[in-house]
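Peer 1: Sequence:
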Amino acid sequence: MKIDDEIRLNILKALIDKGSTQPNLRRIKNKTKYHLATIKGSLDFLKKEEILSGFGPKIALWKLGYKLEAVELLQLDFSKTELIDKYLEAVNLDPHVYALNSIMGSGNYNVMSFQFYKDVEAYHKNLQEHYVKKIPQYYEVVKDRQVFYLTEPTFKRGSRTDSIIQLLRRSKGLD
Numbered sequence: 001m002k003i004d005d006e007i008r009l010n011i012l013k014a015l016i017d018k019g020s021t022q023p024n025l026r027r028i029k030n031k032t033k034y035h036l037a038t039i040k041g042s043l044d045f046l047k048k049e050e051i052l053s054g055f056g057p058k059i060a061l062w063k064l065g066y067k068l069e070a071v072e073l074l075q076l077d078f079s080k081t082e083l084i085d086k087y088l089e090a091v092n093l094d095p096h097v098y099a100l101n102s103i104m105g106s107g108n109y110n111v112m113s114f115q116f117y118k119d120v121e122a123y124h125k126n127l128q129e130h131y132v133k134k135i136p137q138y139y140e141v142v143k144d145r146q147v148f149y150l151t152e153p154t155f156k157r158g159s160r161t162d163s164i165i166q167l168l169r170r171s172k173g174l175d
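Note that my numbering numbers the sequence shown so that position 5 is 5, with each residue one more than the last.
Worth double-checking, as some hints may not be accurate.
Straight-line Cα separation of at most 25 Å, BS3-like style, residue types lysine-lysine; simulated pairs [unchecked claim]:
#1 Lys118 <-> Lys58
#2 Lys29 <-> Lys48
#3 Lys58 <-> Lys31
#4 Lys13 <-> Lys58
Derived from the structure by calculation, the hints contain no laboratory data.
Please model the entire structure based on the sequences and the hints provided.
Peer 2: Quick look at the structure:
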């Protein structure tokens, strides 16, 4: 048995599908002391309100050999709509990119990209093969780009979900 063989990868993929994983109601009951009906009703309400979008695995990427996280600040020329469409199509086909967001702030950057790779060489190879070579006018749409590699030591890495719960509890005077 290996952590990245076909069986384990198929199981991990299935865990991502909506409805594959469910909260352990008894564990929540033991932790909160609330009635099961209250817990079930609350979960249903939070799903209906689209606060809860699903449940799934948290994977330790580094244990699977993906030790490099890259963050790119990009200045894209959105006036070139045809090239933007090609760029976004390439991004949507690229499994290394797990988030691409519009940003505002100082400077001319208007997009931020979050990606993971095995190493720096894999990042550069992917950039060349999936973007520069496939989009002949790549540098007409990507006017400027800064890349940052997240490295060890990591001083803090928490859960966004845990952070928002803490902030909400504090704002309500519950903690």
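Peer 1: Lys118 and Lys58: Cα distance at most 25 Å?
Peer 2: Since the Cα atoms of Lys118 and Lys58 sit roughly 18 Å apart, the hinted pair holds (cutoff 25 Å).
Peer 1: Taking only the CA atoms, is the gap from Lys29 to Lys48 under or equal to 25 Å?
Peer 2: 21 Å, holds
Peer 1: Does Lys58 lie within 25 Å of Lys13 when you go C-alpha to C-alpha?
Peer 2: Holds, at about 12 Å.
Peer 1: Keeping to a limit of 25 Å between CA atoms, is the pair of Lys58 and Lys31 held or broken?
Peer 2: Since the Cα atoms of Lys58 and Lys31 sit roughly 21 Å apart, the hinted pair holds (cutoff 25 Å).
Consistency note: the structure conflicts with none of the earlier hints.
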